[in-house]
Every structure is written in C-alpha cells, then in structure tokens.
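Residue-level listing of the chains:
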Amino acid sequence: MKRALLELRNVSQLFAGRHRSQRGLTQAPAVDRVSLEIGAGESVGIAGESGSGKTTLARMALRLLPPTSGQILFDGEDIANASDETLMRYRRDVQAVFQDSVSALNPRMRVRDLIAEPLIVQQSSVGRAEVDFRIDELLDRVGLPLGMRDCFPHELSGGQKQRVALARALIVRPRMLVLDEPVSALDVSVRSQVLNLLLDLQEERRLAYLMIAHDLAILRHVTTRVVVMYLGRVVESGLTEEVLFSPQHPYTRALVAASPKLAVNKRESPPLVDRESVDAESSGCQFAPRCPLAARQCHESAPELAAVGEATDRIHFAACHFTGRQGI
Amino acid sequence: MSESHSLARPHVHGSIIEIIPVPDDAPLSRAPRRRRVGRVMALALILLLPVLLFGLFGPWMLLHDPAAISPAHALRPPVFAGGTWIFPLGTDHTGRDMLSRLVDGARNSLMVAFFGVALAGTIGTAVGLLAGYFRGATEEVLMRLVDMQLAIPPILLAVLLAAVIGGGLLTVIVTLAVTFWPTYARVVRAETLIQMQQDYVALARVAGASRWRIMRVHILPNVLSVLVVVATLQLGAAVGLEAALTFLGLGMQPPASAWGLMISDGKLYMSQAWWIPAIPGIAIVITVLGANLLGDSLRDRLDPRLRQL
Amino acid sequence: MNDSTVLLDVRSLRTYLHLRTRVLRAVDGATFSVRRGEALGLVGESGSGKSMICQSIMRIEPRPAAVIEGGEVVFEGEDLMQKDLSQMRHIRGSRIGMIFQDPMNSLNPVLTIGNQLIESLRMSHPRESRAVLRERAWGALDRVGIRDAKNRLDAYPFEFSGGMRQRVSAAIAMSRRPKLLIADEPTTALDVTTQARFLGLLDELRRADNMSLLLVTHDLGIVAETCDRVAVMYAGRIVELASVRQLLSSPRHPYTQSLLQAVPHLQGPRMRRLFHIPGEPPDASSRAAGCRFAPRCNFASEICRTKYPPSLRYSNGDTVACWLHVPENDREDGASAGSLPARSLEPASDTGLPG
Chain A
0 MKRALLELRN VSQLFAGRHR SQRGLTQAPA VDRVSLEIGA GESVGIAGES GSGKTTLARM
60 ALRLLPPTSG QILFDGEDIA NASDETLMRY RRDVQAVFQD SVSALNPRMR VRDLIAEPLI
120 VQQSSVGRAE VDFRIDELLD RVGLPLGMRD CFPHELSGGQ KQRVALARAL IVRPRMLVLD
180 EPVSALDVSV RSQVLNLLLD LQEERRLAYL MIAHDLAILR HVTTRVVVMY LGRVVESGLT
240 EEVLFSPQHP YTRALVAASP KLAVNKRESP PLVDRESVDA ESSGCQFAPR CPLAARQCHE
300 SAPELAAVGE ATDRIHFAAC HFTGRQGI
Chain B
0 MSESHSLARP HVHGSIIEII PVPDDAPLSR APRRRRVGRV MALALILLLP VLLFGLFGPW
60 MLLHDPAAIS PAHALRPPVF AGGTWIFPLG TDHTGRDMLS RLVDGARNSL MVAFFGVALA
120 GTIGTAVGLL AGYFRGATEE VLMRLVDMQL AIPPILLAVL LAAVIGGGLL TVIVTLAVTF
180 WPTYARVVRA ETLIQMQQDY VALARVAGAS RWRIMRVHIL PNVLSVLVVV ATLQLGAAVG
240 LEAALTFLGL GMQPPASAWG LMISDGKLYM SQAWWIPAIP GIAIVITVLG ANLLGDSLRD
300 RLDPRLRQL
Chain C
0 MNDSTVLLDV RSLRTYLHLR TRVLRAVDGA TFSVRRGEAL GLVGESGSGK SMICQSIMRI
60 EPRPAAVIEG GEVVFEGEDL MQKDLSQMRH IRGSRIGMIF QDPMNSLNPV LTIGNQLIES
120 LRMSHPRESR AVLRERAWGA LDRVGIRDAK NRLDAYPFEF SGGMRQRVSA AIAMSRRPKL
180 LIADEPTTAL DVTTQARFLG LLDELRRADN MSLLLVTHDL GIVAETCDRV AVMYAGRIVE
240 LASVRQLLSS PRHPYTQSLL QAVPHLQGPR MRRLFHIPGE PPDASSRAAG CRFAPRCNFA
300 SEICRTKYPP SLRYSNGDTV ACWLHVPEND REDGASAGSL PARSLEPASD TGLPG
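As you go down the protein sequences, you meet chains A, B and C in turn.
Following numbering that gives the first Met the number 0 from start to finish, the first sequence increments by one per residue and tops out at 327.
Following numbering that gives the first Met the number 0 from start to finish, the second sequence increments by one per residue and tops out at 308.
Following numbering that gives the first Met the number 0 from start to finish, the third sequence increments by one per residue and tops out at 354.
Worth flagging that the hints you see were computed from the coordinates, not collected in a lab.
Take the hints with a grain of salt, since some may be wrong.
Residues from chain B that keep clear of chain C, each with C-beta distances beyond 10 Å, as calculated [unchecked claim]:
#1 I16
#2 V78
#3 W84
#4 I122
#5 E138
#6 V186
#7 M269
Which residues of chain B face chain A? A partial, calculated answer using Cβ under 8 Å [what the hints assert, rightly or not]:
#8 G54
#9 G57
#10 Y199
#11 A201
#12 R204
#13 V205
#14 G207
#15 A208
#16 R210
#17 P220
#18 N221
Being a predicted model, the structure only gives us computed values, none of them experimental.
Where is the CB? At the ideal position from N, CA and C, for every residue including glycine.
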C-alpha cells in the first residue's frame with residue numbers, strides 16, 4: 000500500500016488556543032485523538048461547525064501549533080518534533096491558503112512581495128530575475144494581469160486577493176495545500192471561479208488538498224474524501240459522495256438536512272433535539288445531548304469509529320452505536 | 000477557459016402590463032459633499048510652520064546676535080506695544096533682541112525635543128515589540144519595568160540626573176527619553192498583540208519566515224502608523240517638559256538661548272516688561288498646540304478604523 | 000393585484016454614499032414590494048446595496064455619508080420618506096422590526112436581556128408596571144424557544160451562544176408585534192444547523208402573527224426554503240422579482256440564471272467543473288451607461304451596453320429589467336428614457352421574443 004503523504008495519528012489538542020469554542024467553560028479538548036491520512040494528489044475535506052476543532056486541526060497540520068499528543072508524519076517523517084532542516088523542507092512541501100479576511104494579506108506589502116515571500120525566505124540565493132519570472136508565471140496561471148504586481152491588497156477584490164494568496168502558496172512548488180475556508184468570504188458569483196481554479200491546479204500539479212469548509216456543497220465539488228468533525232472528534236469519514244448522500248452518523252444527517260438547498264420551501268428541519276449539554280468529564284458520546292437516537296448506552300460510553308456501509312467500500316467509518324439505523 | 004456548460008437563453012414568458020423606464024443617470028439631491036481636506040491638519044501646519052522654519056533656518060534668519068548684550072537697548076517693548084521695528088518683539092533686560100532669541104531658542108528646543116522623542120521611541124518600540132512577540136516571562140518583566148518607570152516623576156528624575164552629570168542639553172535629552180519611552184512600549188506592545196492575531200503573520204510562519212523577519216517585515220510597519228501619532232503628540236509634550244526643566248535650571252544653561260530660560264529670566268520683569276516671559280510662553284503654547292493638532296489629524300488619517308468617518 | 004395586499008412599496012429608492020473622494024451609488028433606483036403575510040427574499044452579493052435598502056427603509060442610514068437621494072417607501076399607505084425622525088421612532092419597533100447580522104453586536108452587553116426586552120416593550124405599553132412587562136418579556140423569550148426563559152431573563156448576552164442571541168434579537172424585534180420584520184443577513188454568522196433552526200423559528204412566528212418578512216441574504220438556498228417571492232439585486236437595482244418557484248424553474252434575468260448555475264449545490268450530479276460567471280460585480284462608484292450586468296452577460300447586445308433596460312412589470316407582480324424580455328416593437332425607442340412613457344399593455348399571450 001502506498002504510503003500516505005500526510006498522516007495524523009491520534010492527534011489531540013487540549014487547549015483551544017486562540018479560537019473560542021462554543022462549549023463555554025468546559026475543559027473538553029479542542030481536538031480529540033483524530034487520525035487522518037492524505038495521499039499524494041488526493042483531496043480530503045474536513046466538515047464541521049464552529050467548535051468542531053477543524054481549524055485547530057489545520058493549524059496543527061501546518062505546524063503552527065504543536066499537538067499535545069499524537070504524531071504528525073509527512074512522507075513518513077515526524078513533523079511534530081522535527082529538526083529545523085526537516086521543518087524547512089516541510090514548509091516547502093506544504094503551504095496554506097486561508098479565508099479571505101482583512102488580515103489574510105499584509106496590507107502594506109505589494110502583490111509581488113506577497114507572492115515572493117515564501118521563495119525569498121526559503122531560497123535566499125535565488126536571483127531577482129528568477130524571482131520576478133516566477134511571480135509573473137504565477138500571476139498568469141491564477142488569472143491575474145501582470146500589471147497587478149505593484150498593487151496593494153486593498154486595491155483588489157476578494158476574488159483577486161484569494162488568487163494572490165494562491166499564487167503565493169504555489170511559488171515554492173508545494174506538494175500539498177491546506178485550505179481553510181478558501182471561498183467562504185467570497186461573493187457567490189466569484190466562488191465557482193476560484194473553486195475551478197483549485198481543481199485545475201490540482202490536476203496540473205498533482206497537489207494534495209486538505210480543505211476545511213463548513214459548506215458541504217463546496218466540499219462535495221472539490222474533495223473525494225471527507226471527514227466530519229464534532230466537538231473535536233471525528234464522527235464520520237469516507238468518500239464524499241457516500242458520506243453526503245448516505246450519512247451514517249446522526250450529526251452528519253443533521254448537517255446535510257440543514258444545508259440550504261435550491262428546492263422550493265422544502266426545508267428539512269435538521270433532526271436535532273435540545274437537551275442539557277454534557278460536561279466534558281462524561282465518558283459518553285459528545286453528540287448525545289442533541290441526538291434524536293440517543294439511548295442510555297450513548298450517555299455511558301463513547302462510540303469508536305467503525306466501518307459501515309457495503310463491504311466493497313471499506314473506507315466509510317462512523318462513530319455511533321446505531322450506525323445503519325435511520326431513526327426511530 | 001473551457002466551459003463545460005452553456006446557458007440557454009432565458010425563457011420569455013408572462014404577460015407584461017407595464018414598462019417603466021429607469022433613468023440612467025439620476026441627478027443628485029445636492030452636489031456631492033466634499034469633505035474639506037484636513038481643516039485641523041491645515042491649522043496645525045500653520046501653527047507649526049514658523050517654528051519649523053526657525054528651527055531649520057534659524058541661523059540665517061537672525062536680525063541680531065541673540066547673545067549680544069546691550070544695556071542701552073534694554074527693556075524695549077515690542078513693535079505693537081510702542082516699540083520700533085528694529086526690535087520687533089522687543090528686548091529683554093540685558094538688551095538682547097527677543098525675536099532673535101526666540102528663533103535661536105527654537106532650534107535648541109526642537110532639537111532637544113526631537114532627539115529625546117526619537118531616543119524614547121527607539122527604546123520603547125524595542126521593548127514593546129519584544130514584550131508583545133515573546134509574551135510569557137519576557138513580557139512580564141518588561142511590562143513591570145514600564146510600570147516602575149512611569150512611577151518616577153520626570154522633574155525628580157531630571158534633578159537626579161543633573162546632580163550626577165550636571166545640567167545641560169544631554170540631561171534634558173536623557174530625561175525626555177527616559178520619561179517617554181514607557182508610553183511607546185505600551186502602545187507598541189498593544190499593537191504587536193493585535194498584529195500577532197492577524198492571519199498574515201500565521202501565513203508568514205507557514206512560508207518559513209524567521210521570527211526576526213516577521214517582526215521586521217510584518218509587525219513593525221503596521222505598528223509605525225500608531226507610532227507616528229504618538230511621536231507627534233509627544234513632541235509637544237517634550238517641548239513643554241524641556242521648557243519646564245530649563246526654567247528650573249536643569250536644562251540648558253545661559254548664555255544659550257532656550258525658551259524656558261527666557262521665561263525664567265523674565266519672571267522678575269512680569270510687571271514692567273511683560274513681553275519678556277510672555278512671548279516665549281506663547282511660543283511654547285503654539286508649538287505644543289500645533290503638535291497636538293497634527294497628532295490628532297494624523298491619527299484620524301492613519302487609523303483604518305476611523306478612516307471612513 | 001389588490002392594493003390592500005401590499006404592505007411595503009418601495010419605489011425608485013436611491014441612497015448614495017458620499018465618501019471623501021467619490022460617491023458610491025449603493026442603492027440606485029430600487030423598486031419592489033412586500034405583501035401582507037409574505038416572506039420576500041432580497042438576494043444580492045456584496046456591493047449590491049441590499050443592506051443599505053434595509054437601513055434606508057428604517058431611516059437608519061449612516062449619516063452624514065449616506066444620503067437618501069430620492070424615491071418613496073410607502074408603508075401601509077404612508078410614505079416613510081416624508082416622516083420626520085420622531086415619527087420614524089414611533090414606527091420603528093412597533094410597526095417595523097429589524098434583526099441584524101451580527102449577534103455579538105446587536106445586543107447591549109451590559110444590560111440583561113430581560114431589561115432589553117422590557118425596554119422595548121415599555122414603548123408599546125407605557126403605563127404597565129414592571130412586573131407585568133416582565134411577564135410579557137418572559138412570554139417573548141419563551142416564544143422564541145429559549146429554555147428556562149423565566150430565569151434566563153436575568154442573564155447577560157455573553158452567556159448565550161450566537162444562535163441564542165439571534166433568537167433574543169428576534170424576540171426583541173417582534174415583542175411589539177410589528178407588521179413587518181426586516182432581517183438583514185440574520186444567519187450569516189451562524190452555523191448551518193443553528194441557521195436552519197433559526198429560520199424555522201422565524202417561519203413559525205411569522206405565520207402565527209401573519210407578519211411579513213423581508214429577508215436579506217446572499218444565499219439563494221435560504222431564500223428558496225424560506226421565502227414566497229424573491230427580489231434579485233445587482234449593482235443597486237432590482238433586476239428580477241418573482242415567486243421562488245418561478246425563479247428556480249424559469250429565471251428571466253441572465254444574472255439570476257447564471258447565479259443559479261454557479262452556486263455549488265448538494266443536489267444533482269457532481270460536475271467536473273462548476274459553471275462560473277466571468278468578471279466581478281461592478282464597483283458602486285462606476286457610472287457606466289447601460290445594463291450593469293452587460294459585461295458579464297452571455298446574451299448582451301448593443302442596446303444592453305448603451306441603455307439601461309426598462310423595468311417590465313407582469314400581471315402577477317413579477318418584474319424584470321432586461322432587454323431580452325422587452326417586446327420587439329418597444330425596443331427601438333431606446334432613444335431616451337424620458338420619451339418612453341410607462342404603458343399598460345393588454346395581457347396578450349404572445350408578447351415576447353420567440354423562445
């Protein structure tokens with residue numbers, strides 16, 4: 000079996016860091032023993048709402064935040080406790096694009112400096128001419144006019160800024176991109192442009208993607224596999240089409256039901272109930288307080304990820320005591 | 000870019016009952032309101048211009064030698080109070096021309112204030128940046144230093160310094176630097192903390208940038224705009240403090256010209272020759288006011304949050 | 000179409016933003032109406048002017064930069080543009096309520112939510128005692144589905160999650176039983192499951208009181224599920240207005256059509272590439288002549304680039320502003336806007352271009 004490009008093994012993060020969780024004052028881990036694999040050229044999505052830990056997971060994958068436990072391996076090498084040299088190589092192989100926010104691009108830097116930064120930092124010996132050449136090459140590839148080189152971020156539209164962010168991420172020729180809500184802040188008519196660009200680039204350069212999004216429809220179009228997270232744990236994972244169209248975990252079902260669809264007045268009310276929140280110490284399933292299927296065993300023991308679905312599939316997993324049942 | 004889809008022409012259907020033209024270029028209810036560009040800033044610059052001119056071109060603008068003592072011409076009033084144009088602002092008790100002394104004093108005051116603030120800014124920025132970037136123990140120690148420093152009254156500090164190294168230019172500059180750096184440290188630390196939260200700092204780390212590069216390229220430039228505002232406001236305060244120190248005899252010593260000295264010299268003559276202390280006093284007020292107004296208008300311009308208003 | 004069914008009638012509303020260096024034509028001649036008891040969705044992207052319309056209706060536009068340059072906003076037969084500010088204060092809250100996008104900022108952090116509710120209720124019931132108002136406040140919270148409402152009255156906003164805060168905002172907005180509720184992107188900052196429940200709640204409450212809803216959003220999916228009719232905005236104007244069913248099955252305006260195609264959705268087959276609309280939404284300060292969508296439109300012709308199309312009104316109240324739908328004989332008069340008088344045509348079966 001081919002070795003995975005990026006592998007997360009039982010990764011946990013006890014502290015929520017700078018991202019507030021919605022769980023108030025509980026001490027539940029932000030990320031709880033998550034395992035994940037991404038192969039070369041593969042596109043994996045992470046779905047979840049606020050408090051799911053998906054952003055924290057991305058930050059750990061980018062080595063911005065060290066995991067409190069677990070391993071992160073890239074190409075078989077340990078990244079979590081890497082030497083400076085290994086880390087430098089990692090930074091060349093894995094880059095990131097974040098949500099288009101006011102702070103995604105340094106407002107005082109021009110486009111050409113923003114795009115060039117990773118190259119300059121990692122390969123300081125590269126000559127000016129080569130740098131300029133690469134900048135132009137990328138501007139062209141992401142569909143921006145060369146004249147935009149000297150612009151500042153505030154002169155660009157949202158779509159243009161995300162393209163700059165993409166160009167910047169690609170200049171060091173990475174093998175994988177971590178994309179954290181890359182299109183959520185963009186206008187609807189511009190989103191599909193950027194998504195198409197991502198798909199094109201993936202094909203051309205055989206890039207692996209780890210894409211975080213709360214919008215299931217976006218994940219559907221860009222990823223082949225998806226992992227659904229809830230309160231720091233993986234509740235379901237598998238092929239995207241499988242998971243979205245025959246979800247096995249009640250939370251996934253609720254997510255799919257709640258996602259707005261372009262069908263007239265047919266809102267399905269997401270099957271969720273409203274009970275008292277569970278406290279973090281409890282050993283039961285984290286989703287039990289809101290789960291329509293919850294029974295006594297759900298409050299007592301947390302279910303582990305187990306294979307579901309037909310035998311041919313073999314990669315669809317869900318963490319629920321009642322997988323397979325549609326509800327009472 | 001290949002399009003795998005093509006749109007069919009929208010289907011025309013339904014019965015139209017009304018066609019309402021929409022004007023392409025509707026008139027405005029009134030002419031666009033053009034905000035007067037920087038009224039405050041214009042005023043500030045008007046106030047500061049003479050001071051700046053004096054500071055820069057002083058030596059070439061002198062009518063008389065500021066140090067020339069001439070008892071025959073002592074205590075002449077300014078031209079608008081009965082004097083002549085030879086001494087437009089009058090003379091002091093030793094016959095020195097007030098205007099020339101004012102101009103000469105301007106150079107000294109500005110230079111001292113400038114260097115004092117620059118030194119304070121450098122120290123303060125470094126401290127604030129380090130505290131904000133590294134957090135933890137570093138931050139604690141540095142911020143407590145700031146607190147301690149702020150607890151020391153500047154006059155007391157100047158007196159202590161003067162006792163050690165004597166009065167004069169250096170004493171004043173050092174006092175200014177030591178008095179003002181904590182303000183910078185606090186402001187820069189706060190800005191640094193905000194900058195650290197920005198996505199572009201995280202992305203710079205992802206790009207592989209070293210912490211020094213991040214501080215130099217990403218944090219510092221964005222902190223500068225705040226710094227400029229603080230520095231401008233401080234300049235005014237520095238001039239004021241310098242004048243106070245000089246007045247107390249801790250600053251520049253005679254025969255150098257300095258506004259504080261002029262006031263201190265003139266305090267005995269308040270009743271008979273009011274212009275001797277009053278004119279330098281007014282000059283100080285104008286300078287400080289100008290600096291404050293400049294700082295305010297700069298802040299409105301540079302702070303992106305206030306820019307819309 | 001009976002006039003008494005129309006609750007809010009906005010006609011040619013124009014609101015411009017006067018900035019230091021230029022003028023933004025945020026709302027540039029918007030015309031639409033909201034009927035009694037209906038939910039109208041106002042859909043547009045950023046810069047389309049949809050938020051500014053809400054603020055203009057309520058007369059809370061950000062002065063002095065924003066100026067309502069013209070138009071009428073007729074609510075229950077009265078033109079709100081003619082009202083003075085104290086009259087508007089009476090109308091706000093009691094006859095028109097509003098919910099905003101950001102649940103963090105809409106509530107006063109230093110007042111308990113009970114107090115905020117009571118403050119709102121007091122305006123409709125000035126002579127009632129505090130105890131009675133408290134009872135009403137409790138009822139209002141209960142109605143929006145907040146558990147343990149009685150005790151929660153004394154809680155502060157920070158003790159609630161985003162979704163709950165929006166519910167509280169809704170409770171306050173509806174506490175005086177307004178006829179119209181304007182919701183400006185109420186769920187944009189919420190999780191999708193919270194969003195679904197909140198919209199369900201709005202539905203419920205609306206139907207109970209036969210209240211009208213003007214729902215502003217950029218998400219067509221929300222509109223499809225929640226609204227009866229939809230108005231699509233582009234560059235400060237309404238380019239199409241139709242029932243949701245109509246819009247989804249047979250959109251008239253090319254922008255609407257493109258938008259429906261370009262949005263990634265969960266139904267239907269997965270496509271290799273998404274449909275995309277080339278270009279970007281126009282800058283609000285641009286004053287280009289002609290249809291604002293023409294640069295991005297597949298079907299743009301010469302007249303589209305030179306003259307803004309007239310607004311066509313259909314017998315069922317639908318509107319569209321596109322040259323494709325203007326009958327052949329009326330097109331030639333594209334000379335000047337003024338010379339083409341508003342005409343009423345007899346409903347005929349075949350007034351359009353072929354197919």
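The hints, checked one at a time:
1. Remark: the non-interface label on I16 of chain B conflicts with the geometry, its nearest Cβ contact in chain C lying 5 Å away (cut-off 10 Å).
2. For V78 of chain B, the condition that its CB be more than 10 Å from all CB atoms of chain C holds, with the nearest at approximately 43 Å.
3. With a least CB separation of 45 Å from chain C, W84 of chain B remains clear of the 10 Å interface cut-off, as annotated.
4. At roughly 37 Å from the closest C-beta of chain C, the C-beta of I122 of chain B stays outside 10 Å, upholding its exclusion from the interface.
5. With a cut of 10 Å on Cβ distances, E138 of chain B stays outside the contact zone with chain C, its closest approach being about 26 Å.
6. For V186 of chain B, the condition that its CB be more than 10 Å from all CB atoms of chain C holds, with the nearest at approximately 26 Å.
7. M269 of chain B, annotated as away from the interface, keeps every beta carbon of chain C farther than 10 Å; the closest lies near 48 Å.
8. Nearest Cβ of chain A to the Cβ of G54 of chain B: about 30 Å, over the 8 Å cut. The hint is violated.
9. For G57 of chain B, the shortest C-beta to C-beta distance to chain A is roughly 36 Å, which exceeds 8 Å, and the interface hint is violated.
10. Because the smallest distance between the Cβ of Y199 of chain B and any Cβ of chain A comes to about 4 Å, under 8 Å, the interface hint for this residue holds.
11. Given hint, A201 of chain B at the interface with chain A, holds; its Cβ is 6 Å from that chain's nearest Cβ, closer than 8 Å.
12. Residue-level restraint check for R204 of chain B holds (minimum Cβ-Cβ distance to chain A is 6 Å; threshold 8 Å).
13. Hint status for V205 of chain B: holds, given a least beta-carbon distance of 5 Å to chain A, under 8 Å.
14. Annotation: G207 of chain B was flagged as interfacial toward chain A, and the flag holds, the nearest CB pair being 4 Å apart, inside 8 Å.
15. With 8 Å as the threshold, the beta carbon of A208 of chain B comes within range of chain A, its nearest partner Cβ sitting at about 5 Å, so the hint holds.
16. With its C-beta approaching chain A no nearer than about 12 Å, R210 of chain B sits outside the 8 Å limit, and its interface hint is violated.
17. For P220 of chain B, the interface hint holds, the least distance from its beta-carbon to any beta-carbon of chain A being 5 Å, beneath 8 Å.
18. Checking N221 of chain B against chain A by beta carbon gives a least distance of about 6 Å; that is within 8 Å, so the hint holds.
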